[in-house]
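**Q** Chains as they are written, first to last, in this note's numbering: chain A, 467 to 551; chain B, 4 to 396.
There may be inaccurate statements among the hints.
[Unchecked claim] Subject to a maximum C-alpha distance of 30 Å in a straight line, what follows is the list of computed DSBU-like cross-link-like pairs (lysine-lysine):
(1) B/K313 <-> A/K539
(2) B/K313 <-> B/K294
(3) A/K482 <-> B/K389
(4) B/K222 <-> B/K308
(5) B/K294 <-> B/K48
(6) B/K308 <-> B/K9
(7) B/K176 <-> A/K475
(8) A/K475 <-> B/K389
(9) B/K389 <-> B/K308
(10) B/K114 <-> B/K48
(11) A/K482 <-> B/K176
(12) B/K24 <-> B/K313
(13) B/K114 <-> B/K222
(14) B/K308 <-> B/K48
(15) B/K308 <-> A/K539
(16) B/K313 <-> A/K475
(17) B/K114 <-> B/K190
(18) B/K294 <-> A/K482
(19) A/K539 <-> B/K389
(20) B/K9 <-> B/K24
(21) B/K294 <-> B/K9
(22) B/K114 <-> B/K308
(23) B/K24 <-> B/K351
(24) B/K294 <-> B/K389
(25) B/K308 <-> B/K294
(26) A/K539 <-> A/K482
(27) B/K24 <-> B/K48
[Unchecked claim] Distance ranges between label pairs, derived from CB positions:
(28) A/Q548 <-> B/E305: 33 to 43 Å
(29) B/L385 <-> A/S468: 27 to 37 Å
(30) A/K539 <-> B/A299: 31 to 41 Å
(31) B/N259 <-> A/K539: 50 to 60 Å
(32) A/A550 <-> B/L204: 54 to 64 Å
(33) B/R20 <-> A/E523: 35 to 45 Å
(34) B/G396 <-> A/G529: 16 to 26 Å
(35) B/N259 <-> A/T479: 55 to 65 Å
(36) A/A550 <-> B/S373: 44 to 54 Å
What the hints contain is simulated information worked out from the structure, not anything from laboratory work. We treat Cβ as the ideally placed atom computed from N, Cα and C, and that holds for glycine.
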Amino acid sequence: MSTAETVRKIVATHGKLPVDVGTIADDGDLYSAGLSSFASVQLMLAIEEEFDIEFPETMLNRGTFASIASIAKAVDTISAEQQAA
Amino acid sequence: MNIVTKAVAAELSDRARRAAKVAGEFADAVDREGRFPREGMDALKNERLMSIQVPGELGGEGASMQEIAEVCAILGQACASTAMTYAMHQIQVASIVGYSGNSAWHADFLKRLCDEQVLIASATSEAGIGGNLRNSVCAIEVDGDTVRLEKDATVISYGEMADAILITSRAHKDAPPSDQVSTLFLKGQYTLEHTRDWDTLGMRGTCSDGYIFRGEAPKEQILPRPFAEIAAESMLAVSHLLWGALWYGIAADAVNRAQSFVRAAARRQPGSTPPGALRLAEASSLLQQVKGNVVAGLRQFEEAKTDANKLSAMSFAVAMNNVKVGTSQTILTIINHCMLINGIMGYKNGTPYSLGRHLRDAHSAQLMISNDRILGNTSTMLLVHKQDTSLIG
Ligand SMILES: Cc1cc2nc3c(=O)[nH]c(=O)nc-3n(C[C@H](O)[C@H](O)[C@H](O)COP(=O)(O)OP(=O)(O)OC[C@H]3O[C@@H](n4cnc5c(N)ncnc54)[C@H](O)[C@@H]3O)c2cc1C
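Turn these sequences into a full structure, and let the hints guide you.
**A** Now the structure itself:
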């Protein structure tokens with residue numbers, strides 16, 4: 467499963483979106499789809515658990531959680547950095 | 004600060020002090036009668052202080068948030084209702100200046116704001132959602148180039164006196180509650196059906212009655228950027244900083260009154276320390292904490308303001324929430340100390356040492372976006388946010 471697909475599954479379970487995640491494109495805006503700030507934190511925690519990563523402080527901003535694609539990109543970046551370290 | 008910006012800041016403070024002097028003369032009457040602080044607000048307009056935040060090229064003075072906060076602190080020492088009205092207006096101006104993009108309509112409005120010193124009100128609160136401004140029940144109806152909105156707005160400060168209202172709603176009829184936009188309606192484009200009276204403990208002059216708002220306007224009056232961005236990057240921070248500044252002003256004036264009381268007692272009995280002196284020293288230390296909190300927040304804002312990522316970062320949101328919760332709690336402790344120092348002379352109205360109005364006005368601070376709600380948000384962020392333990396940063 468690609469990172470984006472896994473992220474999509476987690477968004478479906480933890481995003482608490484009022485719409486079906488299947489209707490949101492990878493680069494669709496999650497905030498306008500109804501992602502609340504509380505749910506975004508829950509989502510972040512679930513992603514950290516699933517990928518065994520920790521979001522650095524510099525990535526804890528609205529941009530990172532704006533879309534499935536931006537989350538997947540952040541996950542790949544962090545995973546690469548953690549493997550390199 | 005270089006010499007020129009220092010001179011500009013000093014000049015702004017002088018203008019603010021002149022307006023504050025007028026506001027202060029009417030503060031007790033405004034409070035007693037629960038009426039709009041007309042004299043203070045007219046004085047602010049005469050000093051052209053309504054438009055200082057507007058960029059120079061549109062006719063304003065491009066004042067920084069620190070300078071605006073100083074004006075709020077000066078006004079807070081004279082009349083909290085005038086200060087709050089001014090602060091709320093500046094919070095709306097910040098949203099329009101920062102988030103109207105290339106909208107020609109909003110640029111024209113800002114020019115008009117400078118020419119006519121217009122007053123802008125805010126309607127975020129709505130029946131059924133309380134202080135959770137990131138949710139709306141009402142939706143703006145887009146019909147070609149026209150938009151219509153009806154909102155059950157529980158609190159619109161100085162709604163009837165304002166020249167324009169910036170109002171949040173869902174972006175369209177099918178949008179989820181958090182997909183919001185902010186629209187600027189001009190007087191004449193809306194009606195306000197009065198629903199709730201503002202007969203309160205304090206901040207009585209803000210005249211924050213409730214209304215059913217019904218408006219119709221050209222579509223271009225919607226701010227082009229989503230309200231989610233405006234709230235996260237500007238409105239929350241600017242609100243907490245400007246409110247914090249004027250709350251500091253209320254507490255600073257209380258400490259001034261307590262200090263005069265102690266000094267008068269010391270003069271009557273030279274050689275002995277008056278009983279209130281120790282408590283005054285404690286109040287002074289607490290006041291410095293409040294000031295430090297607001298000033299540090301302002302500095303953080305100035306550093307982050309050109310970088311959307313910094314402004315929407317969790318560390319920034321946590322810091323701004325802490326400014327709000329900390330200042331709103333501590334000013335109550337300070338004013339209570341001052342009340343103990345001044346005794347009956349503080350408890351009574353109409354003495355040079357009266358503190359009733361200060362205490363009542365200050366009590367609104369914890370409720371104006373409930374501290375419990377804000378602490379709830381912060382506690383969620385602390386599940387993932389890692390604190391910066393450095394001292395200077
Ligand atoms: C002087 C003044 C002027 C104002 N002017 C305006 C204005 O011009 N425009 C405008 O739109 N609004 C204005 N407001 C309203 C303000 O922005 C808030 O909406 C309002 O103070 C919150 O009202 P509430 O206590 O009824 O609502 P709620 O936020 O619903 O809170 C009610 C109580 O429930 C509890 N609570 C609710 N939710 C939570 C939660 N998630 N976590 C923990 N506790 C919770 C809190 O203890 C709180 O005391 C003004 C308020 C004041 C005091």
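**Q** Check each numbered hint against the structure and report the violated ones by number, ascending.
**A** Going through the list in order, the structure violates hints 12 and 18 and respects the others.
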